[in-house]
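Whenever a hint applies, use it, and build me the whole structure from the sequences.
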Amino acid sequence: MGLTDADRGRAQEIIARYPHPKSALLPLLHLAQDRDGWVTPDAMVEIAALLDLTPALVLGVCSFYSMLKREPVGRLVVSVCTNVSCMVNGGSDLFEELRARYAADPDVLVEEVECIAHCDRAPAFQINYDFHGPADADGAAGVIGQYQRGDLVARTISGTSPAAVP
Amino acid sequence: MADADGAHETRIVTEFLRARPDDSWTMEAARTHNRAYQSLEQAFAMGRPAIVEAVTASVLRGKGGAGFGTGQKWSFLPKDSFPRYLCVNGDEGEPCTFKDHMLIERDPHQLLEGIIISAYAVETELAFVYVRGEFALGAERIGQAIRDAYAQGYLGKNILGSGFNLDVVLHRGAGCYIAGDETGLLSSLEGERAMPRIKPPFPAAQGVYAAPTIVNNVETISTVPHIVRRGADWYNSMGGGKSTGTRIFSVSGHVERPGNYEVELHNTTFRDLIFGLAGGVRDGRSVKFFVPGGASSPWLVPEHLDAPLDMDYVQGELKSMLGSGAVMVFDETTDPLLIAWRLAKFFAHESCGKCTPCREGSGWIEKVLYRMSHGQGRPEDLDLLLSFGNNIVPGLNAPFAQTTICALGPSTMSPVVSLDRWFRDEITERMRRDEERRDTLDVVPA
Ligand SMILES: Cc1cc2nc3c(=O)[nH]c(=O)nc-3n(C[C@H](O)[C@H](O)[C@H](O)COP(=O)(O)O)c2cc1C
Chain A
1 MGLTDADRGR AQEIIARYPH PKSALLPLLH LAQDRDGWVT PDAMVEIAAL LDLTPALVLG
61 VCSFYSMLKR EPVGRLVVSV CTNVSCMVNG GSDLFEELRA RYAADPDVLV EEVECIAHCD
121 RAPAFQINYD FHGPADADGA AGVIGQYQRG DLVARTISGT SPAAVP
Chain B
1 MADADGAHET RIVTEFLRAR PDDSWTMEAA RTHNRAYQSL EQAFAMGRPA IVEAVTASVL
61 RGKGGAGFGT GQKWSFLPKD SFPRYLCVNG DEGEPCTFKD HMLIERDPHQ LLEGIIISAY
121 AVETELAFVY VRGEFALGAE RIGQAIRDAY AQGYLGKNIL GSGFNLDVVL HRGAGCYIAG
181 DETGLLSSLE GERAMPRIKP PFPAAQGVYA APTIVNNVET ISTVPHIVRR GADWYNSMGG
241 GKSTGTRIFS VSGHVERPGN YEVELHNTTF RDLIFGLAGG VRDGRSVKFF VPGGASSPWL
301 VPEHLDAPLD MDYVQGELKS MLGSGAVMVF DETTDPLLIA WRLAKFFAHE SCGKCTPCRE
361 GSGWIEKVLY RMSHGQGRPE DLDLLLSFGN NIVPGLNAPF AQTTICALGP STMSPVVSLD
421 RWFRDEITER MRRDEERRDT LDVVPA
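Chains as they are written, first to last, in our numbering: chain A, 1 to 166; chain B, 1 to 446.
Take the hints with a grain of salt, since some may be wrong.
[Unchecked claim] Straight line, CA to CA, 30 Å or less: simulated DSS-like cross-link-like pairs of lysine-lysine:
id, chain 1, residue 1, chain 2, residue 2
1, B, K199, B, K354
2, B, K242, A, K22
3, B, K367, B, K242
4, B, K367, B, K319
5, A, K22, B, K199
6, B, K199, B, K242
7, B, K242, B, K319
8, B, K157, B, K354
9, B, K367, B, K354
10, A, K22, A, K69
11, B, K354, A, K22
12, A, K22, B, K79
13, A, K69, B, K367
14, B, K79, B, K242
15, B, K354, B, K319
16, B, K242, B, K157
17, A, K69, B, K354
Treat the hints as calculated values from the structure; they're not laboratory data.
Since we're looking at a predicted model, the values are computed, not measured.
Okay, structure coming up:
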């Protein structure tokens with residue numbers, strides 16, 4: 001997908017914040033993901049051109065960070081923590097059950113994540129980086145349903161508030 | 001807040017966010033109901049050397065994990081070398097640490113005030129706040145706080161007529177633990193993979209863009225305005241030895257009331273924290289072991305419950321560390337092998353791959369711990385793990401020696417060393433039984 005003029009303006013604004021343009025790489029990857037729902041190969045090429053980098057370098061950085069998705073993942077990313085405090089409070093079961101439940105739903109990606117710093121709400125999970133928990137699988141599915149119906153407004157899969165996406 | 005046992009919180013950086021749970025993050029509330037930005041004038045009047053002196057005299061030590069003296073770190077900046085930068089570390093990835101995102105989300109103005117004073121003290125005009133990518137709300141709140149601070153003249157040119165200029169840039173991470181290491185953070189901020197860099201040169205000499213850079217944790221920086229306002233003597237009146245003031249401890253696991261508790265260092269014990277404040281172990285059970293300072297710290301057992309929350313005591317006497325302040329409590333039903341395996345899996349997943357001992361070692365440790373915790377272990381496995389470990393941490397004595405660029409490599413050994421220290425007999429016996437049981441099976445389970 002080509003960059004719109006608005007995207008370019010926004011990109012220039014981001015680049016201008018930093019003493020060196022390359023620092024804008026992560027913010028621009030987030031921006032692309034906000035726009036397209038994942039980081040497309042075209043977006044990486046565009047970002048490379050904006051920052052005067054090679055597309056290979058952009059891919060190399062992109063592939064290092066777990067929030068940046070290099071294939072379409074649907075509208076909702078459910079990140080379930082299974083690190084130790086969540087594990088001893090049912091996090092692993094929550095992950096397995098949710099994964100099975102949404103295995104055939106192209107709109108919901110259930111992923112296992114490392115500690116997301118909400119151990120006081122174990123087992124904790126995020127939906128597009130909004131925090132939830134503690135919950136069992138039925139409880140979590142209830143929350144996912146609220147986002148699917150639009151009762152709760154989902155952030156982008158980069159965690160940006162939709163109001164902040166141009 | 002005193003508990004029956006006498007355990008109590010001493011709220012400094014958490015005072016306001018606890019007092020106003022519904023709006024503590026707004027400029028309006030922070031200014032009307034707290035003293036937000038009021039120590040700026042005082043700081044500008046004191047001047048740079050006096051601020052650095054106060055911070056140094058307060059024995060303020062980094063609250064991100066390493067416990068390094070903040071004033072001392074600031075003093076390492078080479079004179080007359082500009083530009084310089086300040087980077088605030090809000091990556092908070094150490095398992096079971098959940099204090100920094102609370103400070104970012106619920107008291108961003110306290111953090112900003114700390115940033116302005118610290119930036120002024122170390123003479124930089126550009127500060128970065130690196131916020132872990134997953135903290136969407138935190139990024140939103142600190143982003144808004146930054147915009148509001150510009151609007152009120154607390155940021156930008158000639159702040160409050162002081163002649164001091166400061167820009168603050170919010171930089172969101174994108175998911176990786178290693179960006180929390182200070183040099184990994186610098187790489188990430190420069191648009192690279194978040195791979196740590198060899199030290200020296202330390203960031204204070206050559207950090208982001210090869211310029212002198214101070215990296216400090218969110219809680220450390222949030223403490224600075226309080227020290228400026230109330231003085232080093234006040235800070236040192238809490239705690240003792242070289243563990244003065246307070247720290248926030250994130251208590252989780254099998255406790256009745258998991259949460260963040262800000263307590264005086266040195267004069268508080270693990271028992272106060274776990275039993276007095278967090279309500280003790282659930283369902284009338286008892287503590288089997290606890291992890292005192294994040295996944296990277298070696299584990300402790302019930303005989304250590306009365307030890308003080310003193311950084312030097314825990315390191316010197318208990319061969320562990322207070323690290324990031326994450327206290328994980330596990331009851332007697334917990335399988336220590338399963339906990340060790342899950343932590344090993346974390347380290348293997350998060351190893352950036354730059355140093356061979358860590359990249360290879362973390363994966364092998366995870367594999368062996370997996371089989372040990374899933375009925376496939378062998379009696380000699382614990383020694384096998386220790387032999388891997390000796391290649392990552394020669395000598396295996398805490399504090400760990402390093403064969404890797406950052407501390408992630410050595411940290412992989414904390415769970416293993418802990419198993420060996422506290423559960424060797426239990427594990428060896430179990431591995432023997434598992435092996436016997438397997439010998440009676442026709443098919444080896446997958
Ligand atoms: C693997 C690794 C991860 C780390 N993660 C964090 C982190 O998430 N937050 C943090 O403040 N410090 C973290 N640190 C410690 C930093 O390297 C650094 O010591 C700290 O940010 C300095 O700030 P302080 O002196 O105020 O504590 C980490 C260190 C290592 C080796």
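- Query: Straight-line Cα separation of K242 (chain B) and K157 (chain B) no greater than 30 Å?
  - Reply: 38 Å, violated
- Going straight from one Cα to the other, do K199 (chain B) and K242 (chain B) come out at no more than 30 Å? Holds: K199 (chain B) and K242 (chain B) sit about 25 Å apart, inside 30 Å.
- Decide if the proposed pair is consistent with the structure: K69 (chain A) and K367 (chain B), CA atoms, cutoff 30 Å inclusive. 27 Å, holds
- Message: Given the hinted pair K69 (chain A) and K354 (chain B), is their Cα-Cα distance within 30 Å?
- Response: 23 Å, holds
- Query: Is the Cα-Cα distance between K367 (chain B) and K319 (chain B) 30 Å or less?
  - Reply: With Cα atoms ~26 Å apart, K367 (chain B) and K319 (chain B) stay inside 30 Å; holds.
- Query: Holds or violated: K79 (chain B) with K242 (chain B), Cα cutoff 30 Å?
  - Reply: Holds, at about 27 Å.
- Sort out whether K354 (chain B) lies within 30 Å of K199 (chain B), counting only the CA atoms. 14 Å, holds
- Item | Distance restraint between K354 (chain B) and K22 (chain A), which requires alpha-carbon spacing of 30 Å or less | Roughly 21 Å separates the two Cα atoms, so the pair holds.
- When you check the alpha-carbon spacing of K22 (chain A) and K79 (chain B), does it fall within 30 Å? Distance ~28 Å between K22 (chain A) and K79 (chain B) Cα, so the pair holds.
- Between K242 (chain B) and K319 (chain B), is the straight-line Cα distance small enough, at 30 Å or below? 17 Å, holds
- Can the restraint linking K157 (chain B) and K354 (chain B) be considered satisfied, given a maximum Cα separation of 30 Å? 41 Å, violated
- Message: Next pair to validate is K22 (chain A) with K199 (chain B); report whether the Cα-Cα distance is within 30 Å.
- Response: Given that 30 Å is the threshold and the Cα spacing comes to 23 Å, the pair holds.
Violation of the numbered hints given earlier is confined to hints 2, 3, 8, 16; the remaining hints are satisfied by the structure.
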